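Turn these sequences into a full structure, and let the hints guide you.
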Amino acid sequence: MLHKVALEALLFCVFMLLPFSTALAGETASPSMLSDTCLGCHGPGGISDGPATPTISGMSEVYIIAAMLAYKYDNDEDKVEAIIEADPDLEDVEFFARTSTVMDRIAKGYSEAEIKVIAKHFASLPFVAAEQDVNKKQAKAGAEIHENHCEKCHENGGSSAEDDAGVLAGQWIPYLEYTMADFESGDRAMPKKMKKQMKDAHAAYGDNSVADLIQFYAGQK
Amino acid sequence: MSKLTRRNFLKAAGSTFALGSAGLGFPHIVGAAKKKVVVIGGGVGGTIAAKYIAKADSSIQVTLVEAKPYHHTCFMSNEVIGGDRDLSTIKFGYDKLASHGINVVQDKAVMVDPVAHKVKTADGTTLGYDRLIMSPGIALKWETIEGYDEAAAEAMPHAWIAGHQTALLRKQLEAMDDGGLVVLAPPGNPFRCPPGPYERAAQIAHYFKHHKPKSKILILDAKDKFSKQGLFTQGYKKVYGDMIEWVPGADTGGGVKAVDAKAMTVSTDFDDHKVSVANIIPAQKAAQIAHDADLTDDSGWCPVDLGTFESKKHKDIHIIGDAGIISGLPKSGYAASTEAKVCASAVVHHLHEKEPGVNSYANACYSIIAPDYGISVVAVYKLGEDRAKIKKVGGGLTPSDATPEALKREVHYAYSWFNNMTAEMFG
Ligand SMILES: Cc1cc2nc3c(=O)[nH]c(=O)nc-3n(C[C@H](O)[C@H](O)[C@H](O)COP(=O)(O)OP(=O)(O)OC[C@H]3O[C@@H](n4cnc5c(N)ncnc54)[C@H](O)[C@@H]3O)c2cc1C
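Quick mapping for you: the protein sequence lines, in order, are chains A and U. Quick note, the first sequence lines up with residues 1 to 221 if you use the numbering used here. Quick note, the second sequence lines up with residues 1 to 427 if you use the numbering used here.
Derived by calculation from the structure, the hints in this document are not laboratory data. Model, not experiment: these values are computed from the prediction. Even for Gly, the Cβ is constructed at its ideal location relative to N, Cα and C. A hint or two may mislead.
Here are a few chain A residues that face chain U, going by a calculated C-beta distance under 8 Å [said to hold, decoys possible]:
id : residue
1  : 41
2  : 50
3  : 53
4  : 174
Written out as structure tokens, the structure reads:
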């Protein structure tokens, strides 16, 4: 018990030092009030039962904010950049265009302040990997591709949620497939480094490299 | 972001405990007698309200009263009718709710005494409450269609409360000959699930297209327009040609007025139709218990404060879900789920003698036109300043020029919606 209390206190201190811990304005709903409305689609505790909606708990604040701003402003880079520029809290947020089915419509219902609250909330919750079957042979091939081309940014087998890296390890296969298809079609913008690595991976491992990577990430716990 | 890496820190901490919304909950009410919340109705609103109260403060004694041993969700019941899904996949039990500290009473609530703060169940049990939450759903206004009643609904199912009725409609569609006519009769507003009848027409057409391609579906509507109309019309045409015909209220004289379940005829003011299968969806009102407890007004629904869902007729009773007059929100499962969360927060605040905070509401409603063709309406809402309406602050429909790939993904997201919504309810 003491252990838990100490950790909680320590966590509290750590959170207070983080850039996004701006005090809540009087008129903003509480973090759980705002975030609980997401769970009908993203699952209890932000952990999705699948098959396609991603688990959003345990993602980084920067990642969630960047996604929500791109959705909210229909990938209008100038607008999003201006917002990032004006808000010191958003210093580490980078704009990347991304496509969606419903999220672009939903994001328009939340203010920047609310988006920050929601992002902080889900980032504070633990990620729990999906239980799903993967193709072991492909996953093994994918592990090697990951090690050589992805691990630098998607640390710890894609389970790290640093900065703009989304959590890949343990996400649902259809979600990973949609995401990768969007990157490949250009519907979703890749960071420069990623573009190069994807190209190199294709060259080195052939056409199945993306499918193999997906099986690898899907099987990570 | 800070390289102080909260991530690594959380990784170390995460295994020890979860910093969930539960962590934002309330300290137990100490010194006082245990506060009691009774919830009537184990559908969308009731299960989620019960779970969120138990999660926010485990010292509150939460009792859920549900009449049936199992719940069949209405969502995805149209896929059962279309044949792509088995009835068993929309059937859920209540056994996991006990692990959240909820006491589930499987019995029908038959009486509410708002003054004595008591609920009585069919077997004579009396349950006292500090706060009562009711999410009992709907009852059908049989009297609005001549010749239609519970017995007639065995021949001409409504399938608007899922379970037996869903299976019945499916069986009749399977039994009918190719080339037959199905009449679908949606009611006027307001009613449960505004896009539901139109998704159902598509699901029936999906079955016919592959098994009974000469058959027809005639929608004899009471209304002149309907939810997601442009998208449905576009989808019907694209996938099913002219298999589905929609007749607006202006041309039916306000919808189906009478049925003869023996002769299998359906009548409007202008025409009689001899049908193979009839799906009659009558107008609706709040479930019977809401009337018996004196919580309804002349409209047949329950007036409530839109910030707390407390009844405008009786103190300490909250009504959520389809039974309530929730101006601004549709009678949908997703809306009911966020009403439940808002209501749970209000109830817990009240029991702690605190003012509830600012509310947030949402809706997300998918319709599956074909296995690779999904459409949706989504919205985010806030309480209006005068509390007279819940105001939409963002959202919208699937764009009419959505790509085939996007429409296909919407079906996958609809299934995810179903899995996650039912996990919120019964998990
Ligand atoms: C065909 C169809 C498709 C739909 N599809 C969708 C969809 O895709 N998305 C969406 O968001 N919504 C959908 N809906 C709407 C959704 O099902 C309802 O809005 C939702 O169920 C409302 O929740 P509720 O809690 O008010 O009522 P319900 O979920 O109906 O729950 C009411 C519960 O109360 C119990 N009860 C009633 N009286 C008593 C009593 N006296 N004592 C004890 N228990 C009692 C009932 O047995 C029932 O279990 C659909 C509806 C239909 C008909």
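Quiz item: Among the hints numbered above, which are violated by the structure, and what are their numbers in rising order?
Solution: Nothing - there is no hint that the structure violates, so all of them hold.
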